[in-house]
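Residue numbers (the working numbering), protein chains in the order written: chain A, 1 to 240; chain B, 1 to 232.
The hints are simulated quantities; they were obtained by calculation from the structure and are not laboratory data. Treat the hints with care, since some could be wrong.
To be verified - Between beta-carbon pairs, the in silico distance windows are:
| no. | chain 1 | residue 1 | chain 2 | residue 2 | range |
| --- | --- | --- | --- | --- | --- |
| 1 | A | P132 | B | E130 | 51 to 59 Å |
| 2 | B | M135 | A | V120 | 39 to 47 Å |
| 3 | A | L24 | B | N190 | 24 to 32 Å |
| 4 | B | L214 | A | L51 | 28 to 36 Å |
| 5 | B | D30 | A | L179 | 29 to 37 Å |
| 6 | B | V203 | A | L179 | 27 to 35 Å |
| 7 | B | Q129 | A | S130 | 45 to 53 Å |
| 8 | A | L51 | B | V203 | 30 to 38 Å |
| 9 | A | V205 | B | D127 | 37 to 45 Å |
| 10 | B | N190 | A | V214 | 39 to 47 Å |
| 11 | B | T76 | A | L51 | 30 to 38 Å |
Claimed, not checked - Derived list of chain B stretches under chain A, where covered just means 3 residues or more per stretch with a C-beta under 8 Å from a C-beta of chain A:
| no. | stretch |
| --- | --- |
| 12 | 73-87 |
| 13 | 155-166 |
| 14 | 186-194 |
| 15 | 198-207 |
This structure is a prediction, so every number in the text was calculated from the model and none was measured. Positions of the beta carbon are idealized from the N, C-alpha and C atoms, including for glycine.
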Amino acid sequence: MNLLQEAFQYLNDPFNWTRPNGILDLAAQHLRISVTAVLAAMLIGIPVGALLGHTGHGGGFTVALSNVSRAIPTLALLTVFAVTPIGFGPTATTIALALFALPPVLTNTYVGFRGVDRDVVEASRAMGMSEPQVLLRAELPLAVPLLMTGVRTAAVQVVATATLAALVAGGGLGRIITLGFRQQDYGAVLAGAILVALLAVATEVLLAVVSRAVTPGPSRLTFGRVRTRRPGGGAVPVNP
Amino acid sequence: MLSAASPAVLAADEAPNPWFDPSYVTANWDTILAYLGEHVRLTVAAVVLGALIALPLALLARRSRWLAAGVLGVSTLVYTIPSLAMFAFVAPLTGLSATTVLVGLVLYSLVILVRNFLAGLQSVPADVQEAARGMGYGPARLFWQVELPLALPSFMAGIRVATVSTVALVTVGVIVGHGGLGQLITGGFNANFYRAEIVTGAVGCVALALVADLLLAGAERALTPWTRQARS
Numbered sequence: 001m002n003l004l005q006e007a008f009q010y011l012n013d014p015f016n017w018t019r020p021n022g023i024l025d026l027a028a029q030h031l032r033i034s035v036t037a038v039l040a041a042m043l044i045g046i047p048v049g050a051l052l053g054h055t056g057h058g059g060g061f062t063v064a065l066s067n068v069s070r071a072i073p074t075l076a077l078l079t080v081f082a083v084t085p086i087g088f089g090p091t092a093t094t095i096a097l098a099l100f101a102l103p104p105v106l107t108n109t110y111v112g113f114r115g116v117d118r119d120v121v122e123a124s125r126a127m128g129m130s131e132p133q134v135l136l137r138a139e140l141p142l143a144v145p146l147l148m149t150g151v152r153t154a155a156v157q158v159v160a161t162a163t164l165a166a167l168v169a170g171g172g173l174g175r176i177i178t179l180g181f182r183q184q185d186y187g188a189v190l191a192g193a194i195l196v197a198l199l200a201v202a203t204e205v206l207l208a209v210v211s212r213a214v215t216p217g218p219s220r221l222t223f224g225r226v227r228t229r230r231p232g233g234g235a236v237p238v239n240p
Numbered sequence: 001m002l003s004a005a006s007p008a009v010l011a012a013d014e015a016p017n018p019w020f021d022p023s024y025v026t027a028n029w030d031t032i033l034a035y036l037g038e039h040v041r042l043t044v045a046a047v048v049l050g051a052l053i054a055l056p057l058a059l060l061a062r063r064s065r066w067l068a069a070g071v072l073g074v075s076t077l078v079y080t081i082p083s084l085a086m087f088a089f090v091a092p093l094t095g096l097s098a099t100t101v102l103v104g105l106v107l108y109s110l111v112i113l114v115r116n117f118l119a120g121l122q123s124v125p126a127d128v129q130e131a132a133r134g135m136g137y138g139p140a141r142l143f144w145q146v147e148l149p150l151a152l153p154s155f156m157a158g159i160r161v162a163t164v165s166t167v168a169l170v171t172v173g174v175i176v177g178h179g180g181l182g183q184l185i186t187g188g189f190n191a192n193f194y195r196a197e198i199v200t201g202a203v204g205c206v207a208l209a210l211v212a213d214l215l216l217a218g219a220e221r222a223l224t225p226w227t228r229q230a231r232s
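Bound-form chain A, shown alone (with noise of 0.2 Å):
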């Protein structure tokens, strides 16, 4: 019980946020670096993904690439980069994150385009659409959910993991951690434990929402908001 109060302490301290170095500075430098870390790992993973699985191929080397990722230690590829000749700092902290996010959102992404159904894409052909239109007006729509989980995924994970490029003297609110348990001040371990937990569970709920809105068809978003049906009834939508 102290210790929450300790923690509770800590952040009811404005000088604790406003600071320099303080909450909102690190919880800014977080931000920026798994956003930008995000965006490369979709910049790669879906032209990618979209590709190999509006060809077939490569569905093993997805699959591969995401059960080996899972046993590389984060710590590790941080620490890696952080000793090449880029030095430590956000630059290596931002690839080993995109490093890190690229294989859900490569997977979803095949996966989500390899899903798709096969008539489908036979009829956007009779129909006369080029290969280019087949790939963004068929079957991109119906590829956007698994997509989207994929870049839930790879994003919540970025978020969680950005809090140990500290424990390598890198920035964002893992830093709050590592100097409480230096200090042996509990409080603000306890109190930098709350805030990087809550920006995850933030940004999950913020991209299922996000993820909901950019899935096209009727009847997605089932909260507040009176569903509308359209005339023709079960059609398949073609515009994102």
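Starting from the known structure of chain A, arrange chain B on it as the hints suggest.
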């Protein structure tokens, strides 16, 4: 940061810093082995304890849709909590000990396992359960002789994923000084970025995870001979 601050090159920067050094491994073999032992102990304990807690939870959650939704919701929430934060939550209770790491690891393996256990139990066809009950199987025998074998592939898949991620997660235990091979990673980092030590720790972790996965895959094959027969 050090070298960037001043143009003068420090002696430490001039010294050779190879990515891998066999002499480091041989000279520090005992240390490496001790950390490896801790790593293996923590992983095995976390997965076994996690499985022992997850099984009753999955059996309970199967009984109603509400319980299943609750268990899955809580497990998603727990899994979202970053590992460093998890150890930080536990540390005030158990101090800077291996127990802190173990408690955190058990929680993570638990949430992976309970999902897979539940999925495995739910995949048992209702007809089969009906038939077994009709033949006079009691609940215990039904579980051991009918449901468990049928759910085993899903169980083993969960145990494999949990083991591999636990091996990777143990390294975060460095925050309380019990990170197994992770100690080598941060140790090398703090010893003026000594690459050989870092790489030894990192490669050791990956190798350990792959060996554990192979062993479990072998165990799975041995435990479910009927799946091979059906396929060939």
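List of violated hint numbers, smallest to largest: none
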